[in-house]
Amino acid sequence: MIKLRNISKAFNGLTVLDDVSISIEKGETFVIIGQSGTGKTVTLRHIAGLIDPDEGEVLVDGMQMNDAPLRVKNRLREKMGIVFQSGALINWMTVEENVALPLVEHRKYPREKIAEIVERNLKILQLTEARDKMPGDISGGMKKRAGLARVLVGNPDIILYDEPTAGLDPVMSRVIDELIRQMQREFGVTSVVVTHDMRSAYYVADRIAMLYRGEIIICDTPENVRNSENRIVRQFINGELHGPIEMV
Amino acid sequence: MRKFLIQKTFGLIERTGRLFLGLIYDAGFIVLLFFQTVFYSKNAFGKWREIAKQMYVAGVKSFMVCSIVALFTGMILALQAGIEFAAYQQEAMVGNLVIATMTREMGPFTAAMVLTASVGSAMAAELGTMKVSEEIDALEMMAISPVKFLVMPRVIALSIIMPVVSVYTVALGTLGGAIVANNQLLVSYDLYYLHVLESLQFKATYVGLLKAYVFGIMISCVSCAQGLKAKNGAIGVGQATRSSVIISFLLVLIVGYFITSLFYGKAL
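Just so you know, the sequences run in chain order A and B.
Heads up: the first sequence begins at 1 in the numbering used here, then just goes up one per residue.
Heads up: the second sequence begins at 1 in the numbering used here, then just goes up one per residue.
To be clear, the hints were calculated from the coordinates, so they are not data collected in a lab.
Be careful, since some hints might not be right.
[What the hints assert, rightly or not] Only some residues are given here: those of chain B computed to face chain A with a beta carbon under 8 Å: (1) E134; (2) E135; (3) D137; (4) A138; (5) E140; (6) M141; (7) M142; (8) A143; (9) I144.
[As the list claims (entries may be wrong)] The calculated label-pair distances, taken between Cβ atoms and stated as ranges, are: (10) B:Y257 x A:H106: 38 to 46 Å; (11) B:R15 x A:H196: 36 to 44 Å; (12) B:F72 x A:E116: 51 to 59 Å; (13) B:L19 x A:Y202: 47 to 55 Å; (14) B:F39 x A:E240: 51 to 59 Å; (15) B:I76 x A:A115: 51 to 59 Å; (16) A:V104 x B:Q80: 51 to 59 Å.
[Unchecked claim] For lysine to any residue, the following SDA-like pairs were computed, each having C-alpha atoms within a straight-line distance of at most 25 Å: (17) A:K113 x B:R49; (18) B:K131 x A:W92; (19) B:K231 x B:S145; (20) B:K42 x A:L70; (21) B:K61 x B:W48; (22) A:K133 x B:E126; (23) A:K108 x A:V72; (24) B:K131 x A:N91; (25) A:K79 x A:E96; (26) A:K133 x B:A122; (27) B:K231 x A:T15; (28) A:K26 x A:N74; (29) B:K47 x A:N91; (30) A:K3 x A:Y212; (31) A:K123 x A:E178; (32) B:K53 x A:W92; (33) A:K26 x A:G56; (34) B:K42 x A:E78; (35) B:K61 x B:S159; (36) A:K133 x B:V57; (37) A:K3 x B:D137; (38) A:K3 x A:R207; (39) B:K131 x A:G136; (40) B:K131 x B:L23.
Please read all numbers here as calculations on a predicted model, not as lab measurements.
The beta carbon of each residue, even a glycine, is placed where N, CA and C say it ideally should be.
Between the sequences and the hints, there should be enough to build the whole structure, so can you do that?
Below, the structure is given as structure tokens:
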């Protein structure tokens, strides 16, 4: 479903991703963990086609995403959605208008049908009461949930999550985790999740990959990652102060 | 020492080249944005609500500033010209000068300056903030063109409102001139406006309106382009805002000269 082949990316001479290769199967929930600044979000943005690699290629559903014309990228993006870390809501629209935005802009359904879909998703993410509020008037967690609701209305085959549980309370984090699993179970959605939250990672992941200094140092099942003998992996997943990880 | 000089020289050449390439890239981006806006203008009717909102922001919200600037521009023009005309007992001619200057140059120029500072900078800041807070990326991910969704309504709104503001500026500038003519040069309102009507030419009016229209498109394209290129958080938004104002000011002056030259160059 998603293939990253020998991806390298540098910003201003600083290598962020160095020959990274990942293959994600259809319906799989793939979690990427790692320190801040190791290229997790950059990897996600490569999959979304928001940035192109310096070297290597990104394949989504067998089609090349990197360096593709906008028409091709848009066709691939119709199958995917991304939940941004900040929610990325349009700040002059209400929560409801934000959630309805992709449907309204693409005129996929009649007005009543759009209202019904939006209502359903607002309810799932417990946003019904915030529907008329502006993004500036709601909490960070609510923004994130609204961002997720906006993705869900499009019924995507692939959902990319950038720190979906960061800044959420434990209960809401669990709701989001459950939602990720539910999307996989019921609709066969392929998910790529970037997170620091190890509890969330173990709960949702079919496979976990860890990025360290722009390279994948482990890519395995949650069980094998948990039992890994790699000292870097151990230090990271256990949150130990001392170890081989160099602070950046 | 020689090595040091060579290094300095190459450094200077490199910086100049980088600056030159940056300018070409910026200009290309603005031109591309303009053509994309023209392409998406076919969807303007579907965006009438957003266009109306932008027109309101550009027109109504800059109303006070524009009124003050226009009034005093006319007053200064009348006062400066009146001093010279008075030496030849030709104070009544001040009306001719004020209307000619306002319709041909100062009307669209003043409107452009005010809207660049108040509306163009706000556009750059708004789009810049959206860029750094990933809202533009979110639009792209929803396969919604940021040009169609954000830029096109702003460009159309400003291209419509700029001639309107320009006409208002001319009217108010002429009124400012009348106040000065009447109170300081002792020219009656009737005589002043008689001279104004005498010198109000059709050509000057449509050239002025054309200028205002071109300025409207230019300022909005430049401001949106700078906003869409913003990066590095709040600092980037500040830089985008500043460069949108500087580039717009420069282009208004340069393009204004060429339009004048095109229509009035042969009159020399």
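Given pair status - E78 (chain A), K42 (chain B), alpha carbons within 25 Å = This hinted pair holds, its Cα atoms lying about 23 Å apart.
message = Hinted pair, alpha-carbon criterion (25 Å max): K53 (chain B), W92 (chain A). Please report holds or violated.
response = 11 Å, holds
key: Pairwise hint evaluation, N74 (chain A) against K26 (chain A), where the allowed Cα distance is 25 Å at most   = The hint holds at about 20 Å.
inquiry  = Checking one constraint from the list: CA of K79 (chain A) to CA of E96 (chain A), max 25 Å. Satisfied?
reply    = Given pair K79 (chain A), E96 (chain A) holds - Cα atoms ~22 Å apart, limit 25 Å.
query = Should the interface hint for E134 (chain B) be scored as holding, given a Cβ-Cβ cut-off of 8 Å against chain A?
reply = Because about 4 Å separates E134 (chain B) from the closest Cβ in chain A, which is inside the 8 Å limit, the hint holds.
message = Next pair to validate is K61 (chain B) with W48 (chain B); report whether the Cα-Cα distance is within 25 Å.
response = 19 Å, holds
ask   = Regarding the hint that I144 (chain B) lies at the interface with chain A, is the smallest CB-CB distance below 8 Å?
value = 5 Å, holds
key: Q80 (chain B) and V104 (chain A) - C-beta distance against the hinted 51 to 59 Å   = Holds - the Cβ-Cβ distance for V104 (chain A) and Q80 (chain B), about 55 Å, lies within 51 to 59 Å.
query = Taking 25 Å as the top limit, are the C-alpha atoms of K3 (chain A) and Y212 (chain A) close enough?
reply = Holds - the C-alpha atoms of Y212 (chain A) and K3 (chain A) are around 19 Å apart, at most 25 Å.
request  = Using Cβ atoms only, decide whether E140 (chain B) comes closer than 8 Å to chain A, and label the hint accordingly.
outcome  = 7 Å, holds
task = Below or equal to 25 Å on CA atoms is what counts here, so check K3 (chain A) against D137 (chain B).
result = OK: K3 (chain A) and D137 (chain B) at ~21 Å, within 25 Å.
task = Would you check whether M141 (chain B) satisfies its interface hint, that is, whether its CB is within less than 8 Å of any CB in chain A?
result = Nearest chain A Cβ about 5 Å off; hint holds.
Consistency note: the structure conflicts with none of the earlier hints.
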